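Undergrad: Listed below, chain by chain, are the residues.
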Amino acid sequence: MDIVVCVKRVPLTEEVDLVIDAQKKGVKKDQLAFVLNDWDNYAIEEAILLKEKHGGTVTAITVGNEDDEEVLRRCLAMGADRAIRVEAGDMSRFDSFGIVKILSQVVKDLPYDLVFTGVLADDDSYGMVGMMMAEELNLNHSSMVTAIELEDGKVRTTSELEGGLGEVSVVDLPALITIQTGINEPRYVSILGIRKAAKKELKVMDLAELGVSDGELAPRAIIEEVYLPPETEGAQILTGDPDKIAGDLVEILTKKGVME
Amino acid sequence: MSDIFVIVEHRLGEIRDITFEMLWKAGELAENLSHSVSAVLLGHEVSSIAEDLSDRADQIIIYDDERLKNFSADLYKEIIAGLIEETKPPLILIGSTSWGMELAPCLSIKTGLPLATDCIDILSENGRFIAQRQMYNGKIFANVSFAETSGCLFTIRSGVFPKDKIGDRQAQKIQKGFPLIDIKPGKTFVEFVETAAGDVDITQAELLVSVGRGIGEEENIALIKELAEALNGVVSCSRPIVDKNWLPKYLQVGTSGKSVTPKVYIAIGISGAFQHMAGTNGAGTIIAVNKDPKAPIFRTAHYGIVDDLFKIVPVLKDKVLEAKKG
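Top to bottom, those sequences are chains B and Z.
Following the working numbering, the numbering of the first sequence begins with 2 at its first residue and continues without gaps.
Following the working numbering, the numbering of the second sequence begins with 4 at its first residue and continues without gaps.
Derived by calculation from the structure, the hints in this document are not laboratory data.
Worth double-checking, as some hints may not be accurate.
Distance ranges between label pairs, derived from CB positions [to be verified]:
# : chain 1 : residue 1 : chain 2 : residue 2 : range
1 : B       : A219      : Z       : S5        : 20 to 30 Å
2 : Z       : A200      : B       : K54       : 23 to 33 Å
3 : B       : T240      : Z       : G162      : 50 to 60 Å
Each computed DSS-like pair below joins lysine-lysine, with the alpha-carbon atoms no more than 25 Å apart [as the list claims (entries may be wrong)]:
# : chain 1 : residue 1 : chain 2 : residue 2
4 : Z       : K228      : B       : K52
5 : B       : K29       : Z       : K247
6 : B       : K26       : Z       : K142
7 : B       : K257      : Z       : K228
It should be emphasised that the depicted structure is a prediction, and the values quoted were computed from it without experimental measurement.
Every residue, glycine too, gets a C-beta built ideally from N, C-alpha and C.
Required output: the full structure, derived from the provided sequences and hints.
TA: Laid out in structure tokens, this is it:
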């Protein structure tokens, strides 16, 4: 069972004040810390679990600059066999469609039974790369998957629907699957583990090698403008020391009739 | 006059709310642009669904076939791509739902039409459509348009538009034949399973004390349980807590969990992603404790405490016990 997992490095934005850049096309990223996209962390773990059970290989791929190798090293430390980074220069000139073209070009020449992506990326939240790749590569697919079982030449998936409902399907291999958070418990990665994994293969490819030109990668989506959320009335903020706040809360709870 | 297409989402014989919401938006745009609204309905034995939509669209284009009994992104993609090719609609709306998120990207590649996902509004400017959407968990908004195109695909977030009827419409029903001779979907439906069954029914609770990622460690959940107990309330949670297996799925509030209707909903360490907030629309009063003043939850909560939950929760528990004694 050979599995290819597409991953992305994204900024951590919780408890951070995001600042819009001068062109109003994105946010300033120089002060932000970066991590492996949460969904992709589950995807790589799921691939490694399947490899541990059934044998085979796991290859992690990303498109990005040298800094993005950090997430590939993490994937290698978790148990991926090899990693590929596509050096594509200034990433802001691509939309999801361009990324799909690049990733598909890499994947099509690799041996694989399964391709995994996360359901979406925490930064721009488009959630379209996985299924676009499925169509681009003409692969069978299943999305938002929370359970996977291998069967002979097939894979049985549970897709998460709304309202606590799951949809069980059987998909013929090879297939592309988008992985939902919670499907497993991603393993812990130590600094030592990352250092040890430095011996594993991390290949860098460029667009010329892949045979894709900038013309083919021209974006269709144009970000007109990014902006902070419009002001709303918002919550009435309770202030003071914890004692005062707790007192105010008890008063509110009493008024709302839930203190009996 | 050109058509705005709405792809009807239905499950187990019921029209999903997202369908009505998209038809509302399509109706609003159609009125301003003198377009018409076409509902595109794929399924098997769907006449009652068509009937229920008949005053919300100008046309209902129906593909009724046994092979469409269950949703299949493969079949939907082929059929809708053919219809788009034939009729060239300027705008196609699909739900940003589990099914829509599988279908729309495939359809985009298949048809060559650009796609904007999870849109919270659609603006129309000089004959172009512009998607309003969110990034970075709702901390940033973005307006997205497209390079020159004959049409575009938008997936629409659930709950952002009213479910109401708009305008006065009487749909003409157009029955289409199943157009494909030789297509074998690569994915076969097996069954639906209930993933959130359990002993506690949070949908019946009057008071929920809900915990999110901000709790940090599994053992800290005891703090939330103690507060809930003092208040005689029920513990619930947001998705990350279930993903980590710290609490069971049946306690999860949100799109993929339960929708709740308590008198009071206390959200502790929950940032307020829209998937979570969608489950709290029926809550009377929402009180949020979070140390990030920019957390989206403060946009919808009624009362907010911008502070460390570990400072607030123990004191609150003591105050509640004290008040109950008195």
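Undergrad: With reference to the structure, classify each hint as holding or not holding.
TA: Now the hints, each set against the structure:
no. : hint                         : verdict
1   : B:A219 to Z:S5: 20 to 30 Å   : 26 Å, holds
2   : Z:A200 to B:K54: 23 to 33 Å  : 27 Å, holds
3   : B:T240 to Z:G162: 50 to 60 Å : 31 Å, violated
4   : Z:K228 to B:K52              : 39 Å, violated
5   : B:K29 to Z:K247              : 31 Å, violated
6   : B:K26 to Z:K142              : 14 Å, holds
7   : B:K257 to Z:K228             : 21 Å, holds
Checked against the numbered hints listed earlier, the structure breaks hints 3, 4, 5; every other hint is satisfied.
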